[in-house]
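Student: Listed here are the chains, written in short residue letters.
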Amino acid sequence: MTALRYSPGDKVQVREAYPPGHVRTPHFVRGCTGEVQEIAGVFPNPEELAYGRDGLPSVPLYRVVFKQSEVWDGYEGPAADTVVIDLYEHWLEPRT
Amino acid sequence: MSHDHTHDHTDYQPDIEDFPFTDRMVMTQAIAELIVEKGICTADELRQQIELMDSKEPALGARLVAKTWVDPEFKSRVLEDCAKAAAEIGIDIGDIPIKAIENTEDVHNVVVCTLCSCYPRMLIGLPPDWYKSRAYRSRAVKEPRKVLEEFGTHIPDNVEVRVHDSTADLRYLVLPARPDGTADWDERKLAQLITRDSMVGVTPAKSPDDT
Amino acid sequence: MTIRRHHDMGGLDAGPVDRSEHDYAMWEKRVDAIVKVLSTPDRKLLSTDELRRGIEELGPGVYDELSYYERWISSATNLLLEKGVITVDELGKKMAEVEARWIKDRETAE
Chain A
845 MTALRYSPGD KVQVREAYPP GHVRTPHFVR GCTGEVQEIA GVFPNPEELA
895 YGRDGLPSVP LYRVVFKQSE VWDGYEGPAA DTVVIDLYEH WLEPRT
Chain B
-8 MSHDHTHDHT DYQPDIEDFP FTDRMVMTQA IAELIVEKGI CTADELRQQI
42 ELMDSKEPAL GARLVAKTWV DPEFKSRVLE DCAKAAAEIG IDIGDIPIKA
92 IENTEDVHNV VVCTLCSCYP RMLIGLPPDW YKSRAYRSRA VKEPRKVLEE
142 FGTHIPDNVE VRVHDSTADL RYLVLPARPD GTADWDERKL AQLITRDSMV
192 GVTPAKSPDD T
Chain C
-15 MTIRRHHDMG GLDAGPVDRS EHDYAMWEKR VDAIVKVLST PDRKLLSTDE
35 LRRGIEELGP GVYDELSYYE RWISSATNLL LEKGVITVDE LGKKMAEVEA
85 RWIKDRETAE
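Residue numbers (the working numbering), protein chains in the order written: chain A, 845 to 940; chain B, -8 to 202; chain C, -15 to 94.
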C-alpha cells in the first residue's frame, strides 16, 4: 500500500510545472493553494499509462478544494464559491 | 459484419444513412472490420457493446436519485460507495468509479471536464454535445454562475456554487435536491422529475408543476 | 515557460454554450464500442490515457476541426498502428474497400 503524504484538511499548493506531455492537472490550477478534501484512491499514474506503460507504482489521488477567488483574478461570484479538482500526489506540495 | 455482397444491408446500413460519408466514418468501419478479421474481437462483441451503451440512459441515474430521496440510508450508501449502492438496485456501473455529490440548501454542485469530456456514462448515458463543447469546458469552471444562467438556473448568492472538474479517475453524479411539493410522491413518480441535466448540475430537478 | 496545451481549456474565454444536441449516429456508437472493446482488461490494447494523449497530440487545428468521435477514432487508429496491431497498408486497403462498397451500395439504393 502506497503511503499517503496528505490527509483531509491539509493545505497544499499545486506545483507550478508545465511539462509538455500528457498530464491531468489543469493549467489554470497550477500554483494555486487549496485544501485536501478527501482521498479519492490510488490509481496507476496516467502520465505513464498515456505512453503505453503500466502506470506502476500507483499514485494517490486527492480531491482538493480551492476558493474560486484564489484561482481566478476578479472572480465574479460570492467568496464562498469553490472548485474541486482531482489531483495526483506528485503534483502537490505541502503549504503551511 | 457481412462481407458478402448479396446486399444484406442490415449490418452496415446505418452508415449508409449518414451520407455523405466522411473519411472518419470509413476509417471507423475499416477498423471495426480489421479487428474482427484479426480475431481481436467478434462482431457480436462490438454489437453487444453498442447495445450496452444504448441501455445506459438518464432514467437509470434518475431511479438511483429518486431512491436517495425516499431512503436516507440508501443515500448514505450512495454517497459512500455509488457502485455498490447502484448494484443493490440492479445497476452495474462498471469499473470506473462514480462519486455522487449532493446538492443541499447551502451547496449547488456542477460538473465539468476541462481536459476532455469525462462523464458518468454508465449511469446516465453518453454526454450531450454541449458538455463536450469548448464553450462549456472553458467557461463552466471560471464563470459557473453565468453558465448556469444560460441553462435558466439562478443560484442565490447565499448558496455556494461548487464546480467539480472531472479530470482524473473519478466521474461525478450530482444528486439534485428533492423539490418541494412532492412529500407524498413515490419513487417512480419522483424519478420523472430527475433530468439528465439535473444530474450534471446545470439545472435543478423539475418542479411538480413542470410535469 | 508556462505552456498551455490546446485541450487544456479551463478558464479561457468562449461564447455562450450552444445547447442544441444531436442523437449519436451509429458510426459514433461504433467508435465508442471499438475503444471500449480494445481496452478490456484481457486485451489492454488501449488505455483511456493513451486515447486522451493521442487526441491531445492531434494538434490544435485538427482538434477543433474534428468532432468528438472523429478525434476518438483518429487517436485509436494511430495507437493501433503504433502498436503494430494493424499496418498502414492493411488500413489503406481496407478503407478503400469500405469506401468502394459504400459507393456501390449508394448507387444500388438510388
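Worth double-checking, as some hints may not be accurate.
Below, computed lysine-lysine pairings styled on DSS-like, alpha-carbon distance capped at 25 Å [as the list claims (entries may be wrong)]:
#, chain 1, residue 1, chain 2, residue 2
1, B, 29, B, 47
2, B, 29, C, 13
3, B, 47, C, 78
4, B, 123, C, 88
5, C, 28, C, 78
6, C, 28, C, 67
7, B, 29, C, 78
8, B, 75, C, 67
9, C, 28, B, 29
10, B, 197, B, 58
11, B, 47, C, 13
12, B, 58, B, 180
13, C, 20, C, 88
14, B, 29, C, 20
15, C, 88, C, 28
16, B, 47, C, 28
17, B, 75, B, 58
18, C, 20, B, 123
19, B, 180, B, 47
20, C, 28, C, 13
21, C, 88, C, 78
22, C, 77, B, 29
23, B, 197, A, 911
24, B, 47, B, 137
25, C, 77, C, 88
26, B, 29, B, 137
27, C, 67, B, 66
28, C, 88, C, 13
Don't read these hints as lab results, they were simulated from the structure.
Student: Next, verify each hint and record whether it holds.
Tutor: Comparing the hints with the structure gives:
At most 25 Å may separate the alpha-carbon atoms for a hinted pair to count; residue 29 (chain B) and residue 47 (chain B) exceed this at roughly 29 Å. Between residue 29 (chain B) and residue 13 (chain C) the alpha-carbon distance is near 21 Å, which keeps this suggested pair within the 25 Å criterion. With a C-alpha separation of about 32 Å, the suggested pair residue 47 (chain B) and residue 78 (chain C) falls outside the 25 Å cut-off, and the hint is violated. Restraint check for residue 123 (chain B) and residue 88 (chain C): the C-alpha separation of about 35 Å exceeds 25 Å, so the hint is violated.
As the CA atoms of residue 28 (chain C) and residue 78 (chain C) are separated by approximately 24 Å, the hinted pair is consistent with the 25 Å bound. About 11 Å separates the Cα atoms of residue 28 (chain C) and residue 67 (chain C), which keeps this hinted pair within 25 Å; it holds. Restraint check for residue 29 (chain B) and residue 78 (chain C): the C-alpha separation of about 13 Å stays at or below 25 Å, so the hint holds. Taken as a hint, the residue 75 (chain B) and residue 67 (chain C) pair is broken in the structure, with Cα atoms around 36 Å apart against an allowance of 25 Å.
A C-alpha spacing of about 16 Å is found between residue 28 (chain C) and residue 29 (chain B), which places the hinted pair at or below 25 Å, so the restraint holds. Simply put, residue 197 (chain B) and residue 58 (chain B) have alpha-carbon atoms about 16 Å apart, close enough for the 25 Å limit, and the pair holds. Taking the CA atoms of residue 47 (chain B) and residue 13 (chain C), the gap is about 12 Å. The hint holds against a cut of 25 Å. Annotation: proposed proximity of residue 58 (chain B) to residue 180 (chain B) holds, straight-line Cα distance about 11 Å (limit 25 Å).
Restraint check for residue 20 (chain C) and residue 88 (chain C): the C-alpha separation of about 31 Å exceeds 25 Å, so the hint is violated. At roughly 17 Å between alpha-carbon atoms, residue 29 (chain B) and residue 20 (chain C) fall within 25 Å of each other, so this suggested pair holds. Proposed proximity of residue 88 (chain C) and residue 28 (chain C) is contradicted: the alpha carbons are some 36 Å apart, above 25 Å. For the hint linking residue 47 (chain B) to residue 28 (chain C), the alpha-carbon distance of about 23 Å falls within 25 Å, and the restraint holds.
Of the pairs offered as hints, the one joining residue 75 (chain B) and residue 58 (chain B) holds, with about 14 Å between alpha carbons and a cut-off of 25 Å not exceeded. Pair hint residue 20 (chain C) plus residue 123 (chain B) holds up; C-alpha atoms about 19 Å apart against a cutoff of 25 Å. Proposed proximity of residue 180 (chain B) and residue 47 (chain B) is supported: the alpha carbons are some 20 Å apart, at most 25 Å. Restraint check for residue 28 (chain C) and residue 13 (chain C): the C-alpha separation of about 20 Å stays at or below 25 Å, so the hint holds.
Proposed proximity of residue 88 (chain C) and residue 78 (chain C) is supported: the alpha carbons are some 15 Å apart, at most 25 Å. With a C-alpha separation of about 15 Å, the suggested pair residue 77 (chain C) and residue 29 (chain B) falls inside the 25 Å cut-off, and the hint holds. Distance check on the hinted pair: residue 197 (chain B) and residue 911 (chain A) sit about 29 Å apart at the alpha-carbon level, beyond 25 Å; violated. In summary, the hint linking residue 47 (chain B) to residue 137 (chain B) is not supported, as the alpha carbons are separated by about 30 Å, beyond the 25 Å threshold.
For the hint linking residue 77 (chain C) to residue 88 (chain C), the alpha-carbon distance of about 17 Å falls within 25 Å, and the restraint holds. Between residue 29 (chain B) and residue 137 (chain B) the CA atoms are separated by roughly 50 Å; this puts the pair beyond 25 Å, and the hint is violated. About 44 Å separates the Cα atoms of residue 67 (chain C) and residue 66 (chain B), which puts this hinted pair outside 25 Å; it is violated. Distance check on the hinted pair: residue 88 (chain C) and residue 13 (chain C) sit about 24 Å apart at the alpha-carbon level, within 25 Å; holds.
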